[in-house]
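Here the protein sequences line up with chains A and B, keeping their order.
Numbering that gives the first Met the number 0 applies: residue 0 is where the first sequence begins, and numbers increase by one.
Numbering that gives the first Met the number 0 applies: residue 0 is where the second sequence begins, and numbers increase by one.
Among the hints, a few may not be true.
[Claimed, not checked] Lysine-lysine pairs mimicking BS3-like chemistry, simulated, CA-CA at most 25 Å apart:
| id | chain 1 | residue 1 | chain 2 | residue 2 |
| --- | --- | --- | --- | --- |
| 1 | A | Lys170 | B | Lys145 |
| 2 | B | Lys261 | A | Lys329 |
| 3 | B | Lys235 | A | Lys335 |
[What the hints assert, rightly or not] Among the chain B residues that face chain A by a calculated CB cut under 8 Å, a handful are:
| id | residue |
| --- | --- |
| 4 | Gly52 |
| 5 | Gly53 |
| 6 | Ser133 |
| 7 | Ala140 |
| 8 | Glu161 |
| 9 | Asp168 |
| 10 | Glu170 |
| 11 | Met198 |
| 12 | Leu217 |
| 13 | Pro221 |
| 14 | Lys226 |
| 15 | Ile227 |
[Unchecked claim] Far from chain B, by Cβ distances over 12 Å, these chain A residues were calculated:
| id | residue |
| --- | --- |
| 16 | Lys36 |
| 17 | Ala117 |
| 18 | Pro142 |
| 19 | Glu186 |
| 20 | Leu198 |
| 21 | Ser264 |
| 22 | Ile297 |
The set of hints was computed from the structure by calculation and includes no laboratory data.
Positions of the beta carbon are idealized from the N, C-alpha and C atoms, including for glycine.
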Amino acid sequence: MKQSDYKGVWILAEQSGGRVQRISYELLTRGRELAGKRNTDLTAMIFGHDINADDLQALIDCGADRVVAMEAPELEHFLVEPYSACMLKIIEEYRPEIIIAGATSTGRTLMPYVAIKANAGLTADCTVLDIEEETGNLLQTRPAIGGNILATIKTPSHRPQMATVRPRSTKPADKQSGRTGEIIRLEATSDLLASRVRLVDFEANEDSHSLQDADTVVAVGRGIKKGENIPLMQELADALDAALGASRDVIDRGWMSYPHQIGLSGKTVTPKFYLGAGVSGSIQHLAGMQTAETIVAINTDPDAQIFNVADFGIVGDLFEVVPILTQRIKQIRSSK
Amino acid sequence: MRIIVPIKQVPETNAVRMDEETGTMIREGVEAIINPLDLYAIEIAIRLREEHGGEIVVVSMGPPKAIKALREAIAMGCDSAVLISDRAFAGADTWATSYVLAGAVKRIGGYDLIICGERATDGDTGQVGPGIASFLDLPVASYIGKVDSVVEKSCRVHRLVETGYEVLDVELPAVLTVVKEIADPRLPTLRGKQKAKKMEIPTWTSGDLEVEPDKLGLNGSPTRVVKIHKPTVARKCEKLIAGDDESIVVAVDRMVEFLKEKQLI
């Protein structure tokens, strides 16, 4: 198999309950740009069961030239073995030159599993993707060592070139009128569906907002002093319609539960708007949030690291500043 | 029950200093530690052994000095260790690293579980755990926050995803990658440290593993680092001091104005 036999840019669209998820449209934005530069087609692959037909059409409307959906009851939820068998089948049949997926819990599990078996190069959690002019290779840029460096990586002589892309690091593609494309719906054959992992239950988050999907994130740091003070920040988060996150200190002291942790040993978030109060900005925390679009910080220490990555800061006591801020935001919201 | 825990020695992230000119990491004087996320893997392995009996083999691929990380794992309570070290492994990306570690796991053999930290704090890819599973053709369950039970040849786990927890039944042998909430890592005991000091830790080279030479290290790695650079911080922080009542109101007013300009509220 020659390298030139591999053609086209592919994205892995994700579905939940048969509905296409936001990350898919973000990947279309990325994929469209790459396909344009590479002068090739963009295809979305998706695995699931009874996937909403309008949503599949929406993938076309938002930039895909083709959609390949593989469906079976066993594909309703992500399971690494059947999903990777399906992706490997697609690689074998269609020979994509580039496959990009979200750096989600699904993408970050499925892609490495597939890349090994496909003998492909894979780069994790990229924030910038580009095409190298001279060679046509995919250039993948990602933060490493806690965000201290950016590394640009390529896969010169293996195909496909695979990458996961940090969620929310680009805008979702919009619908354009008059787009047409082919939708191929395939029933996944039983030889692809064996799984030694079984989903027996799902416990949904109690919070209304998922931290990684939120447009606005309010983060609490050690400056909150004790767990009883968390409602002060929750009120601000509610006023901003934001998800509430926290630095490691807050989690380790048991003031909030682990799924709220932002940073190197917690979650990576890229919201439109991040507001940190009482967060000092340790290198580990910054690694989890510094790609946010706008960063605002409130901290008593004028030299706190968080101000180095912030767009706006108030040097002050959160217990004095936050209640007034919450009040003002509530006023603005209610007058709208 | 036999558990294998692959670990990585990493520079302590707190102490990382960057060469401003070249954008590379200054390694001199930076302490090398066990990847903090691997401590959770070691801890849950110890707890599972305490409950079910068996043994824990800890394995690391790295330079000879990585033996220190293995001794620390023994001091915490692991039973034996193997260092995988060979110049031929240098420059390995996650593909070639997974390949060698899978080779080492194969040679150790007889395992029920392979437990990894979710990712390493230096490379930060999270790809090696699923990679080992793929080479060994084992199921993998990632982002595990809780092991509910291990019964016969199956375990029930909680997997942390964006919208909640999946409860999964996983057939053994399997690979788990675990997150912080799984267990609070214990400190090494004095007895553990003494045991670790005396323990003979074998070093396996490529010749000790069933691996093909052209799949090792940089040569075996599909990816290449083209460029390393320092991120440019384009943010200029507008910083206001809020001390007395008046300045607090002024600062909040200005913040609200700023957020309106940005169309964030």
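We went through each hint and held it up to the structure:
This hinted pair does not check out: Lys170/A and Lys145/B have alpha carbons roughly 34 Å apart, beyond 25 Å. Between Lys261/B and Lys329/A the CA atoms are separated by roughly 18 Å; this keeps the pair inside 25 Å, and the hint holds. For the given pair, Lys235/B sits about 30 Å from Lys335/A by alpha-carbon distance, which is inconsistent with the 25 Å threshold. Violation of the interface hint for Gly52/B is found here, the shortest Cβ-Cβ separation to chain A being roughly 24 Å, above the 8 Å cut-off.
Because the smallest distance between the Cβ of Gly53/B and any Cβ of chain A comes to about 21 Å, over 8 Å, the interface hint for this residue is violated. For Ser133/B, the interface hint holds, since its Cβ comes within 8 Å of a Cβ in chain A; the closest pair sits about 4 Å apart. For Ala140/B, the shortest C-beta to C-beta distance to chain A is roughly 6 Å, which falls under 8 Å, so the interface hint holds. Taken as an interface hint, Glu161/B checks out: its beta carbon lies about 5 Å from the nearest beta carbon of chain A, inside 8 Å.
Interface restraint check: Asp168/B against chain A, minimum CB-CB distance 5 Å, threshold 8 Å, status holds. The criterion of a C-beta within 8 Å of any C-beta in chain A is met by Glu170/B, whose closest approach is roughly 4 Å, and the hint holds. Because the beta carbon of Met198/B sits about 28 Å from the nearest beta carbon in chain A, more than 8 Å, this interface hint is broken. About 12 Å separates the beta-carbon of Leu217/B from the nearest beta-carbon of chain A, more than 8 Å, and the hint is not met.
For Pro221/B, the interface hint holds, the least distance from its beta-carbon to any beta-carbon of chain A being 3 Å, beneath 8 Å. Satisfaction of the interface hint for Lys226/B is found here, the shortest Cβ-Cβ separation to chain A being roughly 4 Å, below the 8 Å cut-off. Restraint check, Ile227/B versus chain A: the minimum CB separation of about 5 Å is within 8 Å; hint holds. No beta-carbon of chain B is positioned within 12 Å of the beta-carbon of Lys36/A; the least distance is around 17 Å.
Its closest Cβ contact with chain B, about 10 Å, brings Ala117/A to no more than 12 Å, contrary to its assignment away from the interface. For Pro142/A, the requirement that its beta carbon stay farther than 12 Å from each beta carbon of chain B is not met, with the minimum near 7 Å. Under the 12 Å C-beta cut-off, the non-interface status given to Glu186/A relative to chain B holds; the minimum distance is some 24 Å. Listed as a non-interface residue, Leu198/A fails to keep its Cβ farther than 12 Å from every Cβ of chain B; the least gap is roughly 6 Å.
Non-interface status of Ser264/A relative to chain B is broken: a Cβ of that chain comes within 12 Å, the nearest being about 5 Å off. Consistency note on Ile297/A: stated as away from chain B, yet its beta-carbon is not over 12 Å from all of that chain's, at 8 Å minimum.
Hint violations for this structure: numbers 1, 3, 4, 5, 11, 12, 17, 18, 20, 21 and 22, all remaining hints satisfied.
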